[in-house]
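2 protein chains.
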Amino acid sequence: MSERLVVIGADAAGMSAASQARRLKDRDALEIVAFERGGFSSYSACGIPYWVGGQVAERDELIARTPDEHRERDIDLRMRTEVTELDVPGKRVRARDLRSGEEYWTAYDKLVIATGARPVRPELPGIDAPGVHGVQTLDDGQALLDTLAATEGRRAVVVGAGYIGVEMAEALVQRGYRVTVVNRGQEPMSTLDPDMGRLVHEAMSGMGIEMVDDAEVTGIRTGDDKRVRAVATADAEYPADVVVLGIGVRPQTDLARAAGLPLGAQGGLLTDLSMRVRGHADIWAGGDCVEVRDLVAGNERHIALGTHANKHGQVIGSNVGGDYATFPGVVGTAVSKVCDLEIARTGLREKDARAAGLQYVTATIESTSRAGYFPGAALMTVKMLAERRTGRLLGVQIVGHEGAAKRVDVAAVALTARMTVEQLTALDLGYAPPFSPVWDPVLVAARKAVTAVRKAG
Amino acid sequence: MSERLVVIGADAAGMSAASQARRLKDRDALEIVAFERGGFSSYSACGIPYWVGGQVAERDELIARTPDEHRERDIDLRMRTEVTELDVPGKRVRARDLRSGEEYWTAYDKLVIATGARPVRPELPGIDAPGVHGVQTLDDGQALLDTLAATEGRRAVVVGAGYIGVEMAEALVQRGYRVTVVNRGQEPMSTLDPDMGRLVHEAMSGMGIEMVDDAEVTGIRTGDDKRVRAVATADAEYPADVVVLGIGVRPQTDLARAAGLPLGAQGGLLTDLSMRVRGHADIWAGGDCVEVRDLVAGNERHIALGTHANKHGQVIGSNVGGDYATFPGVVGTAVSKVCDLEIARTGLREKDARAAGLQYVTATIESTSRAGYFPGAALMTVKMLAERRTGRLLGVQIVGHEGAAKRVDVAAVALTARMTVEQLTALDLGYAPPFSPVWDPVLVAARKAVTAVRKAG
Numbered sequence: 001m002s003e004r005l006v007v008i009g010a011d012a013a014g015m016s017a018a019s020q021a022r023r024l025k026d027r028d029a030l031e032i033v034a035f036e037r038g039g040f041s042s043y044s045a046c047g048i049p050y051w052v053g054g055q056v057a058e059r060d061e062l063i064a065r066t067p068d069e070h071r072e073r074d075i076d077l078r079m080r081t082e083v084t085e086l087d088v089p090g091k092r093v094r095a096r097d098l099r100s101g102e103e104y105w106t107a108y109d110k111l112v113i114a115t116g117a118r119p120v121r122p123e124l125p126g127i128d129a130p131g132v133h134g135v136q137t138l139d140d141g142q143a144l145l146d147t148l149a150a151t152e153g154r155r156a157v158v159v160g161a162g163y164i165g166v167e168m169a170e171a172l173v174q175r176g177y178r179v180t181v182v183n184r185g186q187e188p189m190s191t192l193d194p195d196m197g198r199l200v201h202e203a204m205s206g207m208g209i210e211m212v213d214d215a216e217v218t219g220i221r222t223g224d225d226k227r228v229r230a231v232a233t234a235d236a237e238y239p240a241d242v243v244v245l246g247i248g249v250r251p252q253t254d255l256a257r258a259a260g261l262p263l264g265a266q267g268g269l270l271t272d273l274s275m276r277v278r279g280h281a282d283i284w285a286g287g288d289c290v291e292v293r294d295l296v297a298g299n300e301r302h303i304a305l306g307t308h309a310n311k312h313g314q315v316i317g318s319n320v321g322g323d324y325a326t327f328p329g330v331v332g333t334a335v336s337k338v339c340d341l342e343i344a345r346t347g348l349r350e351k352d353a354r355a356a357g358l359q360y361v362t363a364t365i366e367s368t369s370r371a372g373y374f375p376g377a378a379l380m381t382v383k384m385l386a387e388r389r390t391g392r393l394l395g396v397q398i399v400g401h402e403g404a405a406k407r408v409d410v411a412a413v414a415l416t417a418r419m420t421v422e423q424l425t426a427l428d429l430g431y432a433p434p435f436s437p438v439w440d441p442v443l444v445a446a447r448k449a450v451t452a453v454r455k456a457g
Numbered sequence: 001m002s003e004r005l006v007v008i009g010a011d012a013a014g015m016s017a018a019s020q021a022r023r024l025k026d027r028d029a030l031e032i033v034a035f036e037r038g039g040f041s042s043y044s045a046c047g048i049p050y051w052v053g054g055q056v057a058e059r060d061e062l063i064a065r066t067p068d069e070h071r072e073r074d075i076d077l078r079m080r081t082e083v084t085e086l087d088v089p090g091k092r093v094r095a096r097d098l099r100s101g102e103e104y105w106t107a108y109d110k111l112v113i114a115t116g117a118r119p120v121r122p123e124l125p126g127i128d129a130p131g132v133h134g135v136q137t138l139d140d141g142q143a144l145l146d147t148l149a150a151t152e153g154r155r156a157v158v159v160g161a162g163y164i165g166v167e168m169a170e171a172l173v174q175r176g177y178r179v180t181v182v183n184r185g186q187e188p189m190s191t192l193d194p195d196m197g198r199l200v201h202e203a204m205s206g207m208g209i210e211m212v213d214d215a216e217v218t219g220i221r222t223g224d225d226k227r228v229r230a231v232a233t234a235d236a237e238y239p240a241d242v243v244v245l246g247i248g249v250r251p252q253t254d255l256a257r258a259a260g261l262p263l264g265a266q267g268g269l270l271t272d273l274s275m276r277v278r279g280h281a282d283i284w285a286g287g288d289c290v291e292v293r294d295l296v297a298g299n300e301r302h303i304a305l306g307t308h309a310n311k312h313g314q315v316i317g318s319n320v321g322g323d324y325a326t327f328p329g330v331v332g333t334a335v336s337k338v339c340d341l342e343i344a345r346t347g348l349r350e351k352d353a354r355a356a357g358l359q360y361v362t363a364t365i366e367s368t369s370r371a372g373y374f375p376g377a378a379l380m381t382v383k384m385l386a387e388r389r390t391g392r393l394l395g396v397q398i399v400g401h402e403g404a405a406k407r408v409d410v411a412a413v414a415l416t417a418r419m420t421v422e423q424l425t426a427l428d429l430g431y432a433p434p435f436s437p438v439w440d441p442v443l444v445a446a447r448k449a450v451t452a453v454r455k456a457g
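Top to bottom, those sequences are chains R and Z. For the record, in the first sequence the residue sitting at position 87 is 87 according to full-length UniProt numbering, with numbers rising by one throughout. For the record, in the second sequence the residue sitting at position 318 is 318 according to full-length UniProt numbering, with numbers rising by one throughout.
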C-alpha cells in the first residue's frame with residue numbers, strides 16, 4: 001500500500017528529504033510530490049554573491065540538481081506552484097499553479113515543510129524602485145546582474161553588513177564598483193562581538209569600501225526616471241546607481257502559522273530531535289523555516305544556512321523513509337570572507353552569554369596562520385570566551401587572512417564535546433611550518449583563556 | 001632558600017620548561033642551569049626542509065630564542081656542553097665542555113631531561129662519505145646547503161619517504177634537483193595506510209620525482225674522490241650527487257638508560273601525566289626523548305614532533321615552578337606537504353587498530369576543499385576508520401591539495417572527545433562556498449563510515 005509524501009519547497013532541505021526518502025523507499029512504497037513556488041530546485045543560494053562577483057561564471061553551476069533530475073528519480077516535482085493553504089486535520093495542501101492559475105488540493109500521508117526564509121525588506125520610501133535588489137534567489141541574482149549590465153554608473157550601496165552584506169560588497173568591488181556599506185549596527189558583522197567587528201570595519205575600509213556604521217536607512221531617493229539615485233539615512237545621503245539589500249532573513253512560516261503549527265520566538269517552526277514538528281506525528285520541517293537548538297546556550301534560534309538545511313533534509317528523509325536519524329542542534333558556526341579577509345565565529349558572543357545567564361571571561365590573541373618564518377604567514381586575531389569557574393569553552397571568533405576561517409572548526413567540535421579551555425590547550429592539532437605555528441592560534445587563545453579563568457576565580 | 005633546576009637539552013622541550021619555570025619563580029627562588037651539546041637553542045628543526053628549499057632565506061629565522069636571550073631571562077645556558085653522566089642517587093650530572101674538554105659535576109634539586117632524538121643512520125658501506133647528509137640539526141642543514149653549493153651535479157637521492165623524506169624531496173626539487181626517493185616501505189608515508197600512501201606515490205611521481213618503493217638500501221657507492229656517486233639497493237643503483245637520509249629518529253636516551261630510568265618499548269622515557277619520569281619525584285622528561293600516551297590505542301608511542309615538545313615543556317615548567325599542569329596524551333595527528341600535495345593523518349591506521357585488538361570498518365571518499373563550483377576547489381581523498389559495533393571514530397587520513405591537511409584537526413578533536421562517526425555527521429562545521437562544500441569532506445566520510453558500521457553489524 002503506497003503512501004504519499006508531500007514536500008513544500010524544493011531547495012536544500014526539501015529535496016534532500018525527498019531524495020533520501022526515495023533512496024529508502026521506491027515509488028511503489030512511497031509517492032513523492034514536491035511543490036516549488038520558484039523556477040529552480042536544489043541550488044546554492046550561498047553561491048549567489050560569487051556569481052554576481054564573476055568568480056562563478058554561470059548561474060547553472062549553482063544548481064546541484066535540476067527539476068528534471070529529481071523527476072528522473074521518481075519525484076513528482078511541480079515547479080512554479082505555490083502551496084497556499086495547509087489543512088492539517090484534513091491532511092491535505094492546496095496548491096496554485098502560478099502560470100495557469102489553477103488551484104487544487106493534494107492529500108498527504110506525510111508532509112515536509114521546507115518553505116525557507118524571506119529577506120527582510122523594510123517599508124521605506126523608494127524601496128521598490130528599479131535598481132534596488134535583494135539577493136536571495138537565483139531570480140534575484142539574475143535581476144541584479146541585468147541591472148549591473150544596464151547601468152553606467154559605478155556607485156553601489158549595500159544596506160546591511162552581515163554575511164550577505166559583506167559578501168555582496170566583495171562581489172561589487174570585483175565588478176569594479178565604488179561600494180558603500182550602510183549598517184545600523186555599531187560595527188559590521190553583528191554576529192561577532194563589536195571589538196571583532198571593528199577589525200572587519202578596518203579591513204574593509206582598507207580595501208576602499210566606505211563603511212558607514214550606526215546608520216539607519218530612512219529612504220531610497222530616486223530620480224526623474226524613478227530609478228534609484230541614493231540611499232538616505234538620518235544624517236546623510238549616499239549616491240547609488242544600484243542598491244543591494246542584505247539585511248537578513250526571517251523564517252517563511254505564514255503557511256505554518258495559519259495552520260496553527262508551533263512557532264518559536266523568532267518565528268521559525270519548532271521541531272523535535274527527529275525534525276518532526278512538535279505535536280504533529282506526520283509533519284516534518286527543516287531548513288531556513290525552522291528554529292534549531294543551540295547546544296551552547298540551550299535555547300532555540302533561527303539560523304538560515306545551507307549546511308544545516310542539507311542536514312535537516314537528510315534526517316527528515318531518513319525518518320520519513322522508515323529509517324532513523326536525529327539532528328542534535330548547532331553550535332552557531334559561520335564563516336565568510338570579504339576579498340582576502342576571512343571571518344569566522346562559533347558559539348556565544350558576549351551578549352549571548354549574558355542573555356543565557358552565563359558568567360564568562362574573554363581572551364584575545366594575535367597569531368599567524370603558518371610558522372612565523374614561513375612565506376605567506378598571515379596574521380589572525382582569535383577571541384575566545386570561556387565560562388567562569390568551570391572554564392567551559394563558550395565561543396570563538398576569528399578575523400584574519402588565508403587559513404583563518406576554517407580554524408573555527410576546532411572550536412566547533414570542542415563546543416559540541418563541551419570541552420574546557422584547559423582541555424583545548426592539550427589538543428593534538430596538525431603542526432608543520434606551512435600549516436601552523438608550533439602552537440596553533442586556537443591553542444594560544446585557549447592558553448590565555450585558561451589564565452583568565454583562573455584569575456577570575 | 002634557592003633550589004637548582006638542571007635542564008639537559010636546550011631545544012623546544014627543555015627551554016620551554018626552563019622559561020615557564022622562570023616565569024613562575026625568579027632567580028632568588030630557583031637557579032636554572034641548562035646544558036646544550038650543540039650550538040643552537042630553541043630552534044625549529046621542522047623548518048629545516050624549507051630553509052634548504054629556499055623558502056626560508058636565513059638560518060636564524062628558524063631560531064625562536066638565542067642563548068643570549070635565554071641568559072637575559074636568568075637562565076644559565078651552557079652551550080657546546082654535553083652531559084655525559086647522570087647520577088640519580090647523588091642528584092647530580094657530569095658535563096663536558098666540548099671546546100675546552102673540561103669536565104665537572106653539577107648538583108640538582110630538580111632535573112629536566114630533554115635530550116631529543118637522534119636520526120637513524122644505518123650501518124652501510126659509504127654511509128659516512130662526503131655528500132651524505134642527515135637533516136636533524138641546524139648544523140646538518142648548513143652542511144647540506146654547503147654541499148649543494150659546492151656540487152655541480154643535480155641528482156639527489158633521498159633515503160626514506162616519511163615526513164622528513166618527502167619534505168626534503170620537495171626542498172631538493174625547489175633547488176632544481178632531479179630527485180629519487182628510495183623507500184623500503186610498500187608505499188611512501190608509512191604513517192598512512194598503503195592505499196593512501198599510494199596516492200602520495202602517484203602525486204609525487206606526477207611531480208617528476210622518481211619514487212622507488214619496497215627497496216632496501218644496501219650501500220652508498222663512492223667515486224675515486226671518496227664522494228658519493230650512487231645509492232645501491234639489492235636490485236639497482238641510483239646515481240646521486242647528494243644523498244639525504246630521512247629514515248626517522250629514535251629517542252636519545254643513552255644517558256637515561258645508563259642511569260636506570262624507565263624506558264618504553266620504543267626506547268623513550270616513560271613519564272606520568274605531569275611529565276615526571278615514572279618513579280622519580282624530582283626528574284621530568286619531555287620532547288623527542290619520551291614516549292607519549294596514545295589516547296586512541298591506549299598504549300605508549302614515540303612521536304618526535306615540535307608541537308608536542310613545546311607542550312611538554314610548558315607542562316614541565318609549570319610543575320617545576322610549583323604550579324600544576326598535565327599532558328594527557330596525543331591522538332597521533334601529523335600534517336605535511338610535498339609541493340602542492342597536502343598529507344594529514346590522525347588516530348589509528350588499519351594496522352594500529354588490529355594491533356590494539358579493535359575491529360573496524362573503513363570509508364574512503366573524494367570531495368573538494370571548496371564548493372565544487374568555486375574557483376580553486378581542489379580534490380581531496382579522506383579515509384576514515386570507525387570501530388565496529390560502537391561506531392567510535394578511530395582515525396582519519398587525508399591526501400589532497402590546498403585546504404586538505406588542516407581539516408584533520410576536526411578529527412583530532414573528535415578523537416580526543418571519543419565521538420562516534422554518527423556524532424560527526426551532525427557537526428556544525430564552517431560552511432561558505434570559498435571554504436567548503438555544503439557537506440564538509442570530513443562529514444561526507446563520516447556519513448559513509450556510518451553506513452559501513454551499520455552494514456558490519
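I should point out that these hints are in silico values taken from the structure, not numbers from a laboratory. Possibly wrong hints are sitting among the right ones.
Any copy will do: because identical chains look the same in the list, a pair fits if it lies in one copy or spans two.
As the list claims (entries may be wrong) - Using 30 Å as the maximum straight-line C-alpha spacing, the simulated DSS-like pairs for lysine-lysine come out as follows:
1. K226 / K91
2. K448 / K226
3. K25 / K455
4. K25 / K448
5. K91 / K25
6. K91 / K351
7. K25 / K351
Quick rundown of the hints versus the structure:
1. K226 / K91: neither (47 Å within a copy, 90 Å between copies)
2. K448 / K226: neither (56 Å within a copy, 55 Å between copies)
3. K25 / K455: between (58 Å within a copy, 18 Å between copies)
4. K25 / K448: between (53 Å within a copy, 19 Å between copies)
5. K91 / K25: within (21 Å within a copy, 74 Å between copies)
6. K91 / K351: neither (42 Å within a copy, 55 Å between copies)
7. K25 / K351: neither (46 Å within a copy, 38 Å between copies)
Violated hints, listed in ascending order, are 1, 2, 6 and 7; each of the other numbered hints is respected by the structure.
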